[in-house]
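K.L.:
In case you want the letters, here they are:
There are 2 protein chains.
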Amino acid sequence: MDLLKERIIRDGRVYPGNILKVDSFLNHLVDVSLLCEIGKEFYRLFGCCNITKILTIEASGIGVACIAAQYFDVPVLFAKKTQTLNIGGDVYSERVESYTHKKTYDIVISKQFLKESDRVLLIDDFLALGNALRGLVNLALKAGSEIAGAGIVIEKSFQSGGQNIRDMGIRVESLARVCGMTNDTVFFED
Amino acid sequence: MDLLKERIIRDGRVYPGNILKVDSFLNHLVDVSLLCEIGKEFYRLFGCCNITKILTIEASGIGVACIAAQYFDVPVLFAKKTQTLNIGGDVYSERVESYTHKKTYDIVISKQFLKESDRVLLIDDFLALGNALRGLVNLALKAGSEIAGAGIVIEKSFQSGGQNIRDMGIRVESLARVCGMTNDTVFFED
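Chains as they are written, first to last, in the numbering used here: chain A, 31 to 220; chain B, 31 to 220.
Hints may contain errors.
Unchecked claim - These stretches of chain A come out as covered by chain B in the derived footprint (C-beta under 8 Å, 3 or more residues):
id, region
1, 63 to 74
2, 86 to 96
3, 99 to 107
4, 135 to 146
Stated by the list, open to error - Computed list of chain A residues with no C-beta within reach of chain B, every gap over 12 Å:
id, residue
5, Leu-59
6, Val-60
7, Gly-179
8, Gly-199
9, Leu-205
Read the hints as simulated data drawn from the structure, not as lab findings.
Note that beta-carbon positions come from the ideal geometry of N, C-alpha and C, so glycine has one too.
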């Protein structure tokens with residue numbers, strides 16, 4: 031998706047440890063008009079897949095998922111990162127290791143909101159080692175839902191997460207695939 | 031907003047401790063078509079206020095804010111709940127006590143994304159004791175931004191938060207104002 035790649039080149043910043051900061055348009059300050067184009071692109075890719083629900087994870091996945099969901103006309107279910115007092119005990123949970131935050135946490139969804147009859151599209155802003163996405167995959171599998179695929183805004187394809195998920199037979203579509211970074215340049219596949 | 035009140039009556043559930051669960055349509059499973067109507071209503075209320083940015087807080091504020099931002103054609107800035115490795119040191123921060131989660135946390139925004147020239151609309155899904163909203167107010171004040179007002183989806187008007195914020199001279203518009211709850215009924219103002 032050229033609009034996205036151009037934006038990453040213009041406004042993304044590379045930090046030590048292979049960190050690509052896109053907090054000026056994607057995951058802190060959010061350019062909602064860009065999100066709309068991203069949502070339309072996900073719909074172009076997955077619009078014919080009979081999606082019944084979009085599954086994402088808090089926090090920065092929520093904006094992308096909600097904007098995209100408008101085009102699919104389906105609800106969004108977002109996995110919560112810790113078991114709060116506001117979620118009942120009847121949940122599916124998965125343990126996830128965060129690359130960015132250097133810690134481990136649980137993600138949970140209420141069982142009542144994801145069913146065998148659901149055909150889900152997984153959406154997230156980033157895919158690197160794939161831990162969060164794998165957590166979402168496992169939540170959907172526990173619910174018995176069918177996984178139509180995963181829509182990712184930015185994939186670091188030089189890390190193993192995307193390949194591992196694809197090796198599970200899941201269709202992963204990333205709108206920008208970053209294959210390498212230096213201090214001042216970001217390289218994309220194709 | 032009648033559509034919202036009807037939905038709260040139909041799908042909201044009251045739990046001990048004055049907890050109103052709306053996780054089947056607002057803050058876990060998200061009815062995005064309802065969010066669109068909520069966004070339009072915020073635009074009807076604040077559309078003439080020359081908003082330059084919507085400020086919200088992760089996690090469940092993000093969906094509401096992003097959908098609403100489409101109608102205002104402005105970006106969303108969401109305050110992060112803990113200082114992560116992905117946010118630089120140059121931040122405004124506020125300490126917030128969570129009524130729901132029974133804990134205290136810091137919310138932060140990068141200084142570069144909120145300026146004196148901004149005129150912000152604060153958006154959140156819930157207003158009860160007002161701690162999160164007061165945190166957002168203080169972040170905006172620290173940045174020197176003008177606060178056009180706050181758009182809240184559900185206010186528990188029998189708790190003090192809304193009144194306290196209004197007493198600061200801030201316009202607070204809540205789309206559903208809950209003035210009381212019993213085990214099986216929710217009462218609204220007007």
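K.L.:
What hints, given by number in increasing order, does this structure fail?
P.N.:
Result: hints 5, 6 break, sorted rising.
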